[in-house]
Every structure is written in C-alpha cells, then in structure tokens.
Amino acid sequence: MKKTIFYILIAIIVICIAVSLYTIFQAPATPEPVTVTVTNTTEPAPEVTRVATPDQTKAQIPAGFEKDEPVAPALPSGENLALNKPVDSGLHTDVYVPKNVNDGKDLTYWEGGDFPNTMKIDLAGTYKVKTAVVMLNPAAIWGPRTQTFEIQVSTDGTNFTTVVPSTQYQFDPQTGNMVIVDFAATDAAFVQFVFTQNSGTFEKGAQAAEICIYE
Amino acid sequence: MKQNNGISQLIILGILAIAFIGFTVFQLLAPDKAIKANAAPTPQVIEKTVDVPQGSPAKLTLYDAPKTVTPSADATLTVEGQPVFVYDAVVNNTHAFSKTPKLSSTPMAYFDFEGEVTVDILMTGLADPITSAVISPISAGIQAEAKDGHVRFILSKPGQYTVQFNGSPNKAMHIFANPLEKDIPDKNDPNVIFIEPGDWEIESLVLKDNQTLYLSGGSILRGSVVSDNVKNVTIRGRGMIDGSLHESWVSAGEYARVPIDFRNSRNIKVEGIIINNSNAWCFNSFQSDGAEISNVKIISARPNGDGFTFQSCLNYTVKDSFVRSWDDSLVVKNYGMNSDKITFDNVQVWTDLAQSCEIGYETNKGQKSNSMITNVTFKNITVLYNFHKPVLSIHNSDDALVQNVTYSNIVVENALMGRGDAGDNNQLIDFNIAASGWSSTANRGKIKDVVIENLTVLKTDSDVTPPSRIYGYDEEHMVENVAIKNVVINGKKITGNKDLNAKINSYTANITVE
Chain H
53 MKKTIFYILI
63 AIIVICIAVS
73 LYTIFQAPAT
83 PEPVTVTVTN
93 TTEPAPEVTR
103 VATPDQTKAQ
113 IPAGFEKDEP
123 VAPALPSGEN
133 LALNKPVDSG
143 LHTDVYVPKN
153 VNDGKDLTYW
163 EGGDFPNTMK
173 IDLAGTYKVK
183 TAVVMLNPAA
193 IWGPRTQTFE
203 IQVSTDGTNF
213 TTVVPSTQYQ
223 FDPQTGNMVI
233 VDFAATDAAF
243 VQFVFTQNSG
253 TFEKGAQAAE
263 ICIYE
Chain G
1116 MKQNNGISQL
1126 IILGILAIAF
1136 IGFTVFQLLA
1146 PDKAIKANAA
1156 PTPQVIEKTV
1166 DVPQGSPAKL
1176 TLYDAPKTVT
1186 PSADATLTVE
1196 GQPVFVYDAV
1206 VNNTHAFSKT
1216 PKLSSTPMAY
1226 FDFEGEVTVD
1236 ILMTGLADPI
1246 TSAVISPISA
1256 GIQAEAKDGH
1266 VRFILSKPGQ
1276 YTVQFNGSPN
1286 KAMHIFANPL
1296 EKDIPDKNDP
1306 NVIFIEPGDW
1316 EIESLVLKDN
1326 QTLYLSGGSI
1336 LRGSVVSDNV
1346 KNVTIRGRGM
1356 IDGSLHESWV
1366 SAGEYARVPI
1376 DFRNSRNIKV
1386 EGIIINNSNA
1396 WCFNSFQSDG
1406 AEISNVKIIS
1416 ARPNGDGFTF
1426 QSCLNYTVKD
1436 SFVRSWDDSL
1446 VVKNYGMNSD
1456 KITFDNVQVW
1466 TDLAQSCEIG
1476 YETNKGQKSN
1486 SMITNVTFKN
1496 ITVLYNFHKP
1506 VLSIHNSDDA
1516 LVQNVTYSNI
1526 VVENALMGRG
1536 DAGDNNQLID
1546 FNIAASGWSS
1556 TANRGKIKDV
1566 VIENLTVLKT
1576 DSDVTPPSRI
1586 YGYDEEHMVE
1596 NVAIKNVVIN
1606 GKKITGNKDL
1616 NAKINSYTAN
1626 ITVE
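Residue numbers (my numbering), protein chains in the order written: chain H, 53 to 267; chain G, 1116 to 1629.
Bound-form chain H, shown alone (with noise of 0.2 Å):
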C-alpha cells in the first residue's frame, strides 16, 4: 500500500515536472497587433465656388444694351457763318473754354461756369440768319439731357432782339446729340444764345460742343 501510494506520489511528481518543464520552455505565442490610432489635425477642405464664364470669341453688347443706329438729322445746306468766329460768354469751367464752341469739332466743348451763360457769337458781317443748330459731342458717353435757352440777335453787338423765346429742348445721342431750331428770317451781325438750365451739369453750366448759324 505504501508502496502504491509512493509510486503514485511519484508519477504525480514526474508529470508536474514535465508539465512545469513544458510551460516553462515553451515558445510563447506571438501576441496580436497592437494597433495605435495616430490624430492628425488638418485644415478642413476648402469650399470653393468657381464662376464661369460663357463662350465668347469676342466682346459683345450685353442683352439689353442693344441700341439703333443713332440717326441725326441732316444739317442745313450752305455755309455754317459761326465756323471760327470770335465768340464771347461769361464764366467758363475748366478747360472748356469758349472758342471751343466753334472750331469745327464736335469732340471739343465749351461749359459755362454760371447761369444764365451767355455765349455770344461776332458773325463778322450781317446775314440773314433763320437756323440755329446746338450740338453736343455725339457719342453715347453724353448721355440724354435737356438744355434751356434764348436765341437772340444783334445788329451792333449791344442791342439784342429776341428771336427764339426761353425753351427746353432735349439732347439725345440717339437723335445725333443735337438740335435744330429755325426761326424768322433777321437780319443779324451778332446772335446770342442765353443758357438757363442744363440737366447733365450740377447747378450751373451750359454745354454745347458746336454752335452753328445758318441763312
């Protein structure tokens, strides 16, 4: 019996010190991944709003800002007696100075500096005269105004007759930037036209790019 129980106590020993032995040399089992999280802060994705733009192979005039032709009216036939006269007027703006009004070219203007501008054109010999013709530079730059003024003429310079009374009359670039005021046929040396009000300037300031005087 105690034979048994030693033998038994024995082989229980041998297995633990096989078993320990086993645990102990064993290969340990390769572990599992390990995975780390890494934050990385980062400007967010910008929101981009891109504008195109339409098939073109030129400029073109938008929709809307279609116009007809301007047409002028004709002028009248024979000679323009105000072309490069002497011309007089009261106070003038800037660089737009008074022989402007005459010299032939309807890029260069005359402004007054205060109402009623008076521009007072020397015909340099009396005539018959019956059309006025006003103009302004003809470009669309010039946008529409109206202008107010009297026509008057003069055999001796002082003395001034009324012809045309005070009117307002339109300027339109459609219409050739102009207008044309005929008038009883007089005996004239002197005509003289006397601005009171003009919607393109700010208080003060007849425009005119060309004063004609016809027969």
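By construction, these hints were calculated from the structure, which means they are not laboratory data.
Misleading hints may appear alongside valid ones.
[What the hints assert, rightly or not] Calculated lysine-lysine pairs in the BS3-like style (CA-CA distance at most 25 Å, straight line):
{"no.": "1", "chain 1": "G", "residue 1": "K1323", "chain 2": "H", "residue 2": "K119"}
{"no.": "2", "chain 1": "G", "residue 1": "K1483", "chain 2": "H", "residue 2": "K172"}
{"no.": "3", "chain 1": "G", "residue 1": "K1483", "chain 2": "H", "residue 2": "K151"}
{"no.": "4", "chain 1": "H", "residue 1": "K157", "chain 2": "G", "residue 2": "K1214"}
Since chain H is already given, all that's left is putting chain G on it; use the hints.
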C-alpha cells in the same frame, strides 16, 4: 522505526507532489505570470492615421476669365490647389512722359476668400531662376518660400498683395484677394444693371439716380461709366472695367474714355471692382459730394493715367484700395468749387510716373474767389514704389489756400524718385507755392497747417536720404505751420531739417522736424 521512516517519506513526497501540482497549475492557469525561459515577442504595432479637420473650412470664390482673354504666359497660380486665371496687366516701366510710351505687362489675378489659403505661383516668365520672393506690403509680415520655380505663401486676410521675384519690380505679380461678396444685388431689380460674367462692350453707360451697376466677377466691361448730376448711385462687384480696345486719348481722333467719371453727383458708392488699362485717367470725380470708395484696384500705363483724381469734391473717402499708375496715383485739385474732407485710408500705391500723394498743381483752375482745398488726409498709405516725382506733395500752382493736410502712417517701401525725366523734382516731401505750366491764376496761394507723422522709408537709392523741399512764394504767400514728426529713413530716425535733407526757403514759418 522503519515503518515510521516509510510514513515520513510518503509525507515528504506528498508535500513535494502538492508543491509540484501547485506550481504546475500556476504555470498553466496564469500564463501572464508564469515562469518562461523565453521572453514573449513584442506585439506588432499598427499605426493608423486619422485626419481630423479642425476649424472652419476656407471659402474660396474663383472666377474664370472671359474666353476672349489669353492667360499670362509668365505665371500660373493656384490657391488651395485650385487654378486661378492670371491676366497680363498692361503696365509702364518707363519714367519719362511720352505720348507713345513703351508698354509692358505684369501678371495680375484676383479671387475672393475667407479663412486661410495657400497660394502657389509658378513663374515661367523670368529669365533667371527664382531665388527669393518678397510679399508687399511688407508690413503684412507674409513669408514666402521660393523653391523649384514656385513661390508659396499663406494668406489669412483679404487685401492686395504684390509678389516681387529676385528683388526686382519686373513682372511683380499683383494679387487682389478680395473678401467674399455679400448681398449681391438682385438682377431683376429695375434699379440694378447686372453685368454677367463674360466680355462685354458698351461704349458708355450713363447711370441715373438710385441705380446700381453690378459687375460680376469674371466680367470685363469695355467702356465708360459716367454719372452727371445724379445721386445715390453704386458701382460694385468683382469685375473689371477695361480700356484696352481704345488707343490713348492723346491719339488723333480719340478722347478720354474715363472708366469711372462722376460729375456734379452725390452719394456715391464704389466697391470691389478693377479698373484696367484706361486710355486716359482712371477714376475721376468733379464737383461731387459724398463718396465711399473701397477695395477698388487700378492699374494704368498710358499717358495721363492718374489713379484717383478728385477735382473740387467734398466728403470723399477711399479705403482698402490699390493704385498702380502712370501718373499721379492719388490727387486732389480744384477745377471749380472748393475741395473739402477728402480722405485716403489704407491705400497701396505704386507710382511709375509723377507723384504718389499729391495736392495740385491746379488749386484753382476754375478761377473762383477764395478758392480753398481743406481737410485732406492721407493715412495708412503704403507706397510700394515711387520712381519719378515726389511721394508727398502739395504743389500750389494757383491762388488757393491749401489748409489742414495730414499725412499719417506712411510707409515708402522703395523711394526711388528722380528716375526718367523727373529732373530736380525728385523729393520725398515737396510743398511748393509757385507758378507752373498748370497755373490758371496770376496770383499765388498759401499752404497752412500740414502734419506729417510716422513716415517710414525702407529703401532709397544708395541708402541716401532723398531731398525734400518746403518753399513759399513770397512774404504774403507762405508755407506755414508744418509739423513733421517721427520720420525714419533707412532705419535712421530723422531729428531735424538737416537730417531730412530738406531745403526750406525764407517764405515759410513754423516748420518743425522732430
């Protein structure tokens, strides 16, 4: 006795067996703490990167150019990796007046943004490789990286920025980084003239009372916008008014097609647009009252290409704007009634010809009684380049009184006056009462009560302090009460007239430099 020994052996064996059993159980059931002959291998670490956006996203609005426009061959630009169209802006690198000057081009681009954006320029139009790049205004403190032909930098604030390559003004790139647009006008509003993106030609556009002209980003309007005797008008948007189709106004048969011209008008607002290659002066106003002008960019190159030129105006403010001009950049004159309360605030100028901040020469061209120019302020002005005539100048060439003029917080990055045909008119500061070719009156005027404070000049020719001049005309037409304070030139604090290299004649009174 022998039996007792046997029992004792069994007891010992039993204890040993129990100990071995315990040890074995421990080894089996507690593998983490068990005795091991070999250390466990280190577990494999798998790194996983997760991008976490932080903050609000940058917002970018980019505008295609009209299909009619050829992109610059000198530069390409991306912002946040997005391509941005680069225009060739016409500029004039000559510094002597000519009716037919030689013109050049320089890259120019614009976009709108909010937040922080990375800008990348690839310059292909320079003969030499890029070794350095500087962003102006230098006070913005933006550092650029130049590498492999690219220049990269970060913008975090809307504004106008000029990038110079290899320390040269040649092909400097102007970048107009606008704020995002807000409250774009309704194109169906009858008071709104809405110009869509694209290339559009209108000979002239005459604004009427209460109208808004809106120029969409990506639009080019070829024509003039004029207002005469109107009120409550607005011009805004991100588009461009361009004068390239027309020869210079000094050419035979041409005339000044001024891109923006307000005459006798009131309550004006202009915001955000670009004025490019005018055939004459650029932004003109005459006898107008009340204007708020902001974020307007002007580049001119042709004769008489003045930037902002205000004659006989009241209550005008220009802020947050940019002018590169081939004539006076910022100029106030009297052509009619008196000028009063004109302010330029936070404006960058690059003046290829004539003066940067000028009053005159015409101070009474309208030949009015008691003509005056009063309360004119130039503040927070950065002069990127001034090549020709004076930087800060009052040229009283008529009989007006010029009074209460302030130049405050002025930085001149490159004070290179005297180039070309400037001759002796090469001053940093020039206050002068004298007749000139622009005089309209026989009598002379006066200059009184002028302050220059916080004037910094970063670079001059050969590090020499440029001359200045303060000249009255006679005992009755003096320059009086000029206070010049805190001037630094090439890093050196100026402490007196001699330091300033200033000529001051006897027809002056109470001129102080401290």
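Taking the hints in turn, this is what the structure says about them:
1. With a C-alpha separation of about 18 Å, the suggested pairing of K1323/G with K119/H holds against the 25 Å cut-off.
2. With a CA separation close to 22 Å, the supplied pair K1483/G and K172/H stays within the 25 Å bound.
3. With a C-alpha separation of about 20 Å, the suggested pairing of K1483/G with K151/H holds against the 25 Å cut-off.
4. Only pairs whose Cα atoms come within 25 Å are accepted, and K157/H paired with K1214/G is accepted, the gap being roughly 21 Å.
In the structure shown, no violation is registered for any of the earlier numbered hints.
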